[in-house]
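Peer 1: So the sequences go chain by chain: A and B. Oh and the first sequence: position 8 is 15 in our numbering, straight run, nothing missing. Oh and the second sequence: position 104 is 106 in our numbering, straight run, nothing missing.
One thing to keep in mind: the hints can contain errors.
What the hints assert, rightly or not - Below, a list of computed lysine to any residue pairs in the SDA-like style, where the Cα atoms sit at most 20 angstroms apart:
hint, chain 1, residue 1, chain 2, residue 2
1, A, Lys43, B, Ala257
2, A, Lys38, B, Ile11
3, A, Lys147, B, Gly97
4, A, Lys38, B, Gly97
5, A, Lys44, B, Gly97
6, A, Lys38, B, Thr10
7, A, Lys38, B, Ala257
8, A, Lys44, B, Thr16
9, A, Lys147, B, Ile95
Claimed, not checked - Covered by chain B, according to a simulated footprint, are these stretches of chain A (three or more residues, beta-carbon under 8 angstroms):
hint, stretch
10, 14 to 22
11, 29 to 35
12, 40 to 54
13, 112 to 123
14, 136 to 150
For the record, the hints were derived by calculation from the structure and aren't laboratory data. Where is the CB? At the ideal position from N, CA and C, for every residue including glycine.
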Amino acid sequence: MDFIRETIQPHFNFWIYVILMMIGLWAVIAKNNLIKKLIGLSIFQTAIILLYVSLGVKDGATIPILDHHAEEVEMAEHAEEAEHGVELVPGHEIGPANGGRHALADTIANPLPHVLMLTAIVVGVATLGVALSISQMVFKEFGTLEENEILEQLKAGNTDD
Amino acid sequence: MFAKVFATIAVVITGSLLLYGITDFPAFGDPDSPANAGVEGGAPSAPLYYINESYNDTKVPNLVTSVLADYRSYDTMFETVVIFAAGMAIFAILGAVGTDKDARPVHPQMNTSVNGDHSRIIVGTTVRIVVPVVQLFALYVVAHGHHSPGGGFQGGVILGSSFILIALAGNLSTALERFSERSYMLLASIGILIYGGFGVLCMALDRNFLDYGVLQKVFLTDGPEMARSHAMLGVEVGVACTVTAIMFAIYANLASRGTLKDGL
C-alpha cells in the first residue's frame with residue numbers, strides 16, 4: 008500500500024501514459040495485420056498527447072482564457088498588491104520566495120501544452136489518413152494486409168509486374 | 003509466436019525503464035513543476051510571459067489562440083502545411099485526381115423520400131436537421147476562437163465532419179455534390195494562401211514575416227494590439243479552410259478507394 012500511495016499516486020498520469028504507450032508499442036511490433044499496427048500507432052500517439060496535457064495540469068488553476076471584462080481592473084490591483092508582497096490567493100505566497108510570481112500565473116494553466124497538442128491531434132489524423140491510403144494500395148497490390156502473407160509473396164517474386 | 007515473445011520482452015524492458023525514469027518527475031498538478039512555474043531562478047519563462055503579457059500584447063483573452071496564432075505562428079503555419087501535404091499525398095497515392103469528373107453515377111440510396119429506401123428515412127431526416135446546426139456551430143467556433151475555446155483547427159474539423167456526416171447518411175456522391183473535388187482542392191490551397199498572405203503582407207510593410215503588429219496600417223486600428231487580434235482571426239480562417247477541405251478529402255478518397263464514385 009505504501010508503494011501505491013508514495014510512488015504510483017503522485018505520478019499516476021505518467022503510469023497511465025507509460026502503460027498506454029507500451030500497449031501501442033506492443034501492437035506495432037507483435038501484430039501481424041497492418042491496420043492493427045496502425046491502431047497501435049494511434050494508441051502510442053494518444054499516450055504522448057495524454058502526457059503533454061497532464062503536464063499542463065496545475066492545482067488551483069483554470070483554463071487559459073482570461074476574463075477580459077474584469078481584466079483591466081484586476082491587472083491594476085495585482086500590480087499594486089504584488090509590490091507589497093501581499094498574499095493574494097490562499098495558500099500561495101507571492102513574494103521574492105518563489106521568484107516574485109504574479110498572482111495571475113497561479114490561477115491560469117500553462118497554455119503551451121494545449122497549443123502543441125491541439126495541432127498534433129489534427130496532424131495525427133491527417134497522417135493516419137496517409138497511412139490508411141498506403142495500406143489500401145498495399146491491399147490492391149497483394150490482396151491481403153497480413154504481413155507474413157505479403158512477405159511470402161515478395162519472396163516468391165510475385166509482385167504482379 | 004516468436005514475434006510476440008520478443009515484443010513482450012522489449013515492451014517490458016522499455017516500460018520498466020520509463021517507469022524508473024518517471025519517479026523523478028513532478029507530481030500530478032504540482033504548481034511548482036518546471037512546466038507550470040518555469041525554470042527556477044532564471045529569466046521569466048515563456049509560460050509566465052504568455053499568461054502575464056499576452057493580453058497586453060494582443061488583446062486576445064484566449065491565451066491558447068494568441069500563443070498558437072501569434073507567438074508560435076511559424077509552427078502553426080507549417081502544421082497547416084503538413085495537413086495540406088498529407089492531403090496531397092493521399093491524392094497522389096490513391097491516384098484519382100481529375101478522372102471521371104462527369105461520369106459520377108447517382109446512387110439509388112441517396113433518395114430519402116418515402117418512395118425511396120425506407121431504412122434511410124430516419125437517418126436522412128435527422129442528418130438534414132442536424133447538419134446546418136453543426137455547420138453553424140463550426141463557423142462560431144472559428145470566429146469566436148479568441149474569446150472562448152475554439153479556433154481554426156477545431157472549427158475546421160467540425161465543418162469537415164459535417165460533410166462526412168452527409169456522406170455517411172446518404173452516400174458519397176450526395177456529399178460530393180455539395181463539396182466537390184474541385185472545391186476542396188481549391189479551398190485547401192486558399193487556406194494556405196491566406197496564412198502565407200498575412201506573412202507576406204507584413205514583409206511588404208517592412209517587418210518580419212508574420213509580424214502582425216504592422217498591420218494596423220491595413221486594418222486601421224488604434225494600435226498594434228488590435229491589429230494582431232484581427233490578423234489572428236484571418237489566420238485562423240485560413241487554417242479552418244485547409245483543415246475542412248483536407249478532412250473531407252481524406253474521407254472521400256479513403257471511402258471510395260480514390261475513385262470518388264461510390265463507396266460507403
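Peer 1: Would you pick out the hints that fail for this structure and give their numbers low to high?
Peer 2: When the structure is compared with the hints, numbers 4, 5, 7, 12 turn out to be violated.
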